[in-house]
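One-letter residues, chain by chain:
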Amino acid sequence: MAAIYKRELRSYLVTPSGYVFLAIFYMMAGYYFYGYNLMGATTDFSYLFSSLFSFAVFLTPLLTMKLFSEERRYKTDQALLTAPVSLASIVFGKFFAALTIFETAQAVTLIYLLVIGTKGPVEYGVFFGHFIGMFLLGAALCALGMFVSSVTESQVIAAVGGMGLGLVFILIDSVGQLSQEPVLNRICNAISFVQHYQDFTMGILNIASVIFYLSVTALFLFLTARTLEKRRWG
Amino acid sequence: MLEISGLTKYYGDKAAIEDICFQVNQGEVVGFLGANGAGKSTTMNIITGYLSATKGTVKVDGFDILFEPAKAKARMGYLPEIPPLYQDLSVWESLCFTYDLKKAKQDRKKYLENLCEMVCIDGVKDRLIRNLSKGYRQRVGIACALVGEPPILILDEPTVGLDPKQIIEIRTLIKELAKTRTVILSSHILQEIEAVCGRVVIIHNGHIVADDTPEALAARQMGGSHLALQVKGKPDIVCPLLKGIPGVQNAEAEKNCGENVWRYRLNTGGEDIREALFFVLSDHKLPILELQDLRATLEDVFLTVTRETGIEGGDLDGSNL
Chain A
1 MAAIYKRELR SYLVTPSGYV FLAIFYMMAG YYFYGYNLMG ATTDFSYLFS
51 SLFSFAVFLT PLLTMKLFSE ERRYKTDQAL LTAPVSLASI VFGKFFAALT
101 IFETAQAVTL IYLLVIGTKG PVEYGVFFGH FIGMFLLGAA LCALGMFVSS
151 VTESQVIAAV GGMGLGLVFI LIDSVGQLSQ EPVLNRICNA ISFVQHYQDF
201 TMGILNIASV IFYLSVTALF LFLTARTLEK RRWG
Chain B
235 MLEISGLTKY YGDKAAIEDI CFQVNQGEVV GFLGANGAGK STTMNIITGY
285 LSATKGTVKV DGFDILFEPA KAKARMGYLP EIPPLYQDLS VWESLCFTYD
335 LKKAKQDRKK YLENLCEMVC IDGVKDRLIR NLSKGYRQRV GIACALVGEP
385 PILILDEPTV GLDPKQIIEI RTLIKELAKT RTVILSSHIL QEIEAVCGRV
435 VIIHNGHIVA DDTPEALAAR QMGGSHLALQ VKGKPDIVCP LLKGIPGVQN
485 AEAEKNCGEN VWRYRLNTGG EDIREALFFV LSDHKLPILE LQDLRATLED
535 VFLTVTRETG IEGGDLDGSN L
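If you're matching them up, the sequences are chains A and B in order. With the first letter of the first sequence counted as 1, position 117 gets the number 117 in the numbering used here; the numbers rise by one all the way through. Numbers given in the numbering used here equal positions in the second sequence, counted from 1, plus 234.
It should be emphasised that the hints constitute simulated quantities derived from the structure, not laboratory data. We put the beta carbon where it would ideally sit given N, CA and C, even for glycine. Among the hints, erroneous ones may be present.
What the hints assert, rightly or not - Cβ-Cβ distance ranges computed for the label pairs, FRET-style: (1) A/K75 / B/Y244: 20 to 26 angstroms; (2) A/L110 / B/A338: 37 to 43 angstroms; (3) B/D446 / A/S215: 56 to 62 angstroms; (4) A/K75 / B/N484: 50 to 56 angstroms; (5) B/K339 / A/L110: 39 to 45 angstroms; (6) B/D356 / A/A2: 23 to 29 angstroms; (7) B/Q321 / A/Y31: 30 to 36 angstroms; (8) B/L300 / A/S215: 26 to 32 angstroms; (9) B/Q321 / A/V175: 38 to 44 angstroms; (10) A/S215 / B/K399: 57 to 63 angstroms; (11) B/Q321 / A/G35: 36 to 42 angstroms; (12) A/G35 / B/K339: 51 to 57 angstroms; (13) B/A338 / A/V160: 38 to 44 angstroms.
Unchecked claim - List of simulated lysine to any residue pairs, SDA-like, C-alpha gap at most 25 angstroms: (14) B/K368 / A/Y74; (15) A/K230 / B/D253; (16) B/K368 / A/M39; (17) B/K343 / A/A2; (18) B/K305 / A/E153; (19) B/K305 / A/W233; (20) A/K75 / B/G271.
Chain A extracted, bound-state conformation (with noise of 0.2 angstroms):
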């Protein structure tokens, strides 16, 4: 796994994919916490944060669409797959480093910890539960967007199709509101990120949400594992 993790992580630093996410990222947090935090005086992270939920899902695609799209178009998967290593190394290394990547991202969100917190009052339980739904929802958005890619040859719809999966997974609970039937709601509810991440925004660590976020990603990495495999017996 270690081999497959370097070699990803590598692959984000030397070629333009892992900052191009970086210096969007780090834009979109710039502007928000510019015009939240710094031109409003205050310092509540949740408008930034809610800000940086909506983005995480348009921009993990980035990172994800080629961690397998492009080893099966270039047929560098044989080498993987023919070495003596498992298939959930192969997974778990591409995932590992797709989420180093979106952290490293997401930990610019300290540095403003660090600006705010030097002026003023912050409240520290809700700037925490802000930083670890976010990093559920990362590994969730980055376990996600591999199964997307490791269904398709194409980045481009592996990218697209990432942002449409994780649309769903965000847009869910509204469809659910729309529909006037209670089950159908409660279903719903049940499988929103954004339902899930509002304990987080308020500073509360409810295990049921931590187990949500972990499922989602571990569902994720299973199916992509059954996609690879799946593929040697088609």
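Given chain A, work out where chain B should sit, using these hints.
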């Protein structure tokens, strides 16, 4: 060492390969010969665990590729048709990555430097894969397959797309590697198989149609060995003499090649009768002007076995042979 039995792979309803069985013993260099689309790559991909077979088993040193993949894969080095190299890595980084991936245990720097020297890529170590010529990529691919010292080397069309000089270089390299390893080499180029391999497995439309040494295949094709000779002497004198030589099964005059010079053809059934032939004819003052040992080429064998099997659906392209 490598045991393949009953290997079958279906893509939908279509069988890419069907009931492929063969064994490869330690130290053998086996040529896997077939036209384009015959099923060579599919078979190799299944052997190396990239694809799974619909039916059948692959065992490497007794380890089943399906049930103990890590152990089986560690014993094989694979160079697919397109070397699986990351475009954004340099040659050295590719080797280091493969080294880490295969969890090799030697002193990394020293080991990889020796490997570079062996496949002659030490001059391009720092160049990116995307900037390398096809020949060098092939070499790097071979080097990656060699990392971890797997006792079995599986090379899928290693010389395809190379220029004649590179082809000779890669062949020389493979011959060198084959001294200490078991090699399975696929190709649709007959000369290549003939030059490198001690045993040939011919696959046609997903079935094995021949499996033997090139010499045995050729002999079987010819039905014994044949000699062609030009003798200054008429058939009515020469033919009875030739038929009288022990070991000669048949002798006939083929054509008149000039004044009193005839071309004859002998079927000897495998014995070497050239010496006896010389003395018989010289005793009778019949000079031999030319003597030729007629052997079937692998090309003859290939064309015959792929024609004779009666397996439908082939699109044998003569230009590829």
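Hint check results:
At about 22 angstroms, the beta-carbon gap between A/K75 and B/Y244 stays in the expected band of 20 to 26 angstroms. As the Cβ distance of A/L110 to B/A338 is approximately 39 angstroms, the hint placing it in 37 to 43 angstroms holds. At about 58 angstroms, the beta-carbon gap between B/D446 and A/S215 stays in the expected band of 56 to 62 angstroms. The given range of 50 to 56 angstroms is respected by A/K75 and B/N484, whose C-beta atoms sit roughly 54 angstroms from each other.
Between B/K339 and A/L110 the C-beta distance comes to about 40 angstroms, which sits within the given range of 39 to 45 angstroms. A beta carbon spacing of about 27 angstroms between B/D356 and A/A2 agrees with the range 23 to 29 angstroms that was offered as a hint. Restraint check, B/Q321 to A/Y31: a C-beta distance of roughly 34 angstroms satisfies the suggested window 30 to 36 angstroms. For B/L300 paired with A/S215, a C-beta distance near 30 angstroms keeps the hint of 26 to 32 angstroms intact.
Distance hint for B/Q321 and A/V175: a CB-CB separation of about 42 angstroms, consistent with the stated range 38 to 44 angstroms. Between A/S215 and B/K399 the beta carbon distance is about 58 angstroms. The supplied range of 57 to 63 angstroms therefore holds. The hinted window of 36 to 42 angstroms between B/Q321 and A/G35 holds, with their beta carbons roughly 40 angstroms apart. The hinted range of 51 to 57 angstroms is satisfied by A/G35 and B/K339, whose Cβ atoms lie roughly 55 angstroms apart.
Take B/A338 and A/V160: their Cβ atoms lie about 40 angstroms apart, and the range 38 to 44 angstroms holds. Taking the CA atoms of B/K368 and A/Y74, the gap is near 15 angstroms; set against the 25 angstroms cutoff, the hint holds. With a C-alpha separation of about 22 angstroms, the suggested pair A/K230 and B/D253 falls inside the 25 angstroms cut-off, and the hint holds. Using a Cα cut-off of 25 angstroms, the hinted pair B/K368 and A/M39 is violated, with the two alpha carbons roughly 58 angstroms apart.
For a cut-off of 25 angstroms, the pair hint linking B/K343 to A/A2 stands: about 18 angstroms separates their Cα positions. Straight-line distance between C-alpha atoms of B/K305 and A/E153 comes to about 30 angstroms, which puts the hinted pair past the 25 angstroms bound. Distance restraint check for B/K305 and A/W233: the Cα-Cα separation of roughly 20 angstroms lies within the 25 angstroms cut-off, and the hinted pair is therefore satisfied. A distance of roughly 18 angstroms separates the Cα atoms of A/K75 and B/G271; the hinted pair therefore holds under the 25 angstroms criterion.
Hint check: violations occur at hints 16, 18; the rest are consistent with the structure.
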